[in-house]
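Participant: With the sequences and hints as input, model every part of the structure.
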Amino acid sequence: MSTATAATELLAGYQQLLRRRLLVLAVLLAGVCGSFLLDLVTGPSDLTVRDALAGILRPETLSPSVSVIIWDVRMPYAVMALLVGAALSLAGAEMQTSLNNPLASPFTLGMSSAAIFGAALAIVLDIGVPGVPANWIVSANAFVFALGSVLVLQAVVRTRDAGSETLVLFGIAIFFTFNALVSIAQFIASEQALQQLVFWTMGSLSRATWDRVTVLAVVVAAVVPFSLLASWQLTALRLGEERAQSFGVDVSRVRFASLVRISLLTATAVSFVGTIAFVGLVGPHIARMLIGEDHRFFLPASALSGALVLSLASIASKAIIPGVLIPIGLVTALIGVPFFVTLILTRRGRG
Amino acid sequence: MTASPLTIGNLTAGYRRHPVLRGLTLPPLVPGTVTALVGPNGAGKSTLLKVLAGLLPATGSVALGDLDLLHAPLAARARRVTFMPQTLPQRVGLSVLEGVISALRASPLEAPGGEPAERLALATLERVGIRELALTPLDHLSGGERQLASLAQAVVRRPTLLLLDEPTSALDLRHQVTVMRLVEDLAAEGRIVVVVLHDLNLAVRWAGRVVVLNHGTPDADGSPLATITPDVLARVYGVQARLEAASNGRPQVVVDGLIELAGAPRS
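Sequence order for the protein chains is U and D.
Counting in this note's numbering, the first sequence runs from 1 upward without gaps.
Counting in this note's numbering, the second sequence runs from 352 upward without gaps.
If you are wondering where the hints come from, they were derived from the structure by calculation, not from laboratory data.
Ideal placement from N, C-alpha and C gives every residue a C-beta, glycine not left out.
Computed footprint of chain U on chain D, listed as stretches where at least three residues anywhere in the stretch have a Cβ under 8 Å from a Cβ of chain U:
{"no.": "1", "region": "400–412"}
{"no.": "2", "region": "424–437"}
{"no.": "3", "region": "446–459"}
Facilitator: Here is the structure:
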């Protein structure tokens, strides 16, 4: 075989690989859409997929009661599930790459503990960000503390010009500090406040409103383009920190930008629905297994996998005990783990 | 390829209290030559290489022609200098070709004649001799193939200064020769190649110039046979060694034993 034809063949092979990845993304997207529809029709009052589709495409044809169920109850939950899943999973993907650690998740650096403490301040002590309306105060607090924890972390690491390991160690310090503070808040809380705080911590979509959905959608839409712009640099980072630096990647800057994106996504998601831990760890792993680590594909695939997992979890949270909405944070792992294990096992079998 | 020499003057680097390099100055390193950095552990070989790569801060001067490497912006340096660490990380979900493409796309670099990154990457794999592995995942490669993939990532950026940290350390004999022959070819194209080596026989065989570092300063600097001598090896490594002509006439380093250094702690 001549050199030129061999090169052409390999090039064709590579292009086929790229097409296959686009196909995987399309399949994931289709799965997300299907799961979303299923999520809309799952619940106490029986709706058909036809009702749901009509509700989306031609709302004026529906009876007022069905319209209310779809638009005011089911839809915000279902959209929130997709957005939170996408946000946490994308954040997890960036975290795993920028910390070079497959066990990292959006909560690795203590962001969730900080958010819970912020919520605890509002729920237990009624301390909140001044000027925030009462029904937003818990979310605002959680957001401020989650974002603040990352900025403090980054400031500390910057002054020492330290690497990812130091970052993780400081993150663990933050995690334990806020956990202790949360325990103190729980200790002094009234019974009613304690119950409210524990429920908040579990993570639930029942707090979804269109306002909140819109805010999260705006944040996700604002962050995603910057993630995608950094995809080559993040891919190069996978080849080793020093190597990437010598390829012209400003590693500490890329990592900082990544942390800012992670904290925006995570803080917003957590502040609205509480902590939903599993999806940010497993979404990126599913994406990696399906599509590899070319971040042009890996990042969108992570977002879609996360959206799918959380949407399925949302269906399960309604379907496991009919008439009872189990907090989704409790269901995520139950849904994600079998999915994840199946993927690992089928992959092993093939390799 | 238009390359200008690399000059290193009065270079100090390392830890705040314990500088590893203290006022290191070297005669210019010229294009077309493979320079081997040898010396005992802790002599400052890797530190020097990382300073040249811009990975460690330093005082003094390092210039590649008119480019001040100690103060150049990252992008300007990355267009001329590439560093190849000892190993590729494990468990990376990329194929060989994707690794090379992302090396190229990591920062802006003018492609010659506007050639697409994929073609340039494939040409580099061909050159390094692993084209048929292009679509193989990096994780499925043997140690020798990994090192060639790693070298391809560095070479694809067409650096004028190529810095290699122990590129042969984990390789079998065949791959050692493959890698060192490539290194020699890359230098012959007019690059400055600086390579840290532990195996002195590889240095004797493949380097045009050898810098023997000891305690952060050059103990000997020159052609392999002028630098790797029993005297220098005794002084720097504390070993009793000789150079014997092998049956093909090439000198081989043979180590007979240790020299107890007067006043030096045994370790």
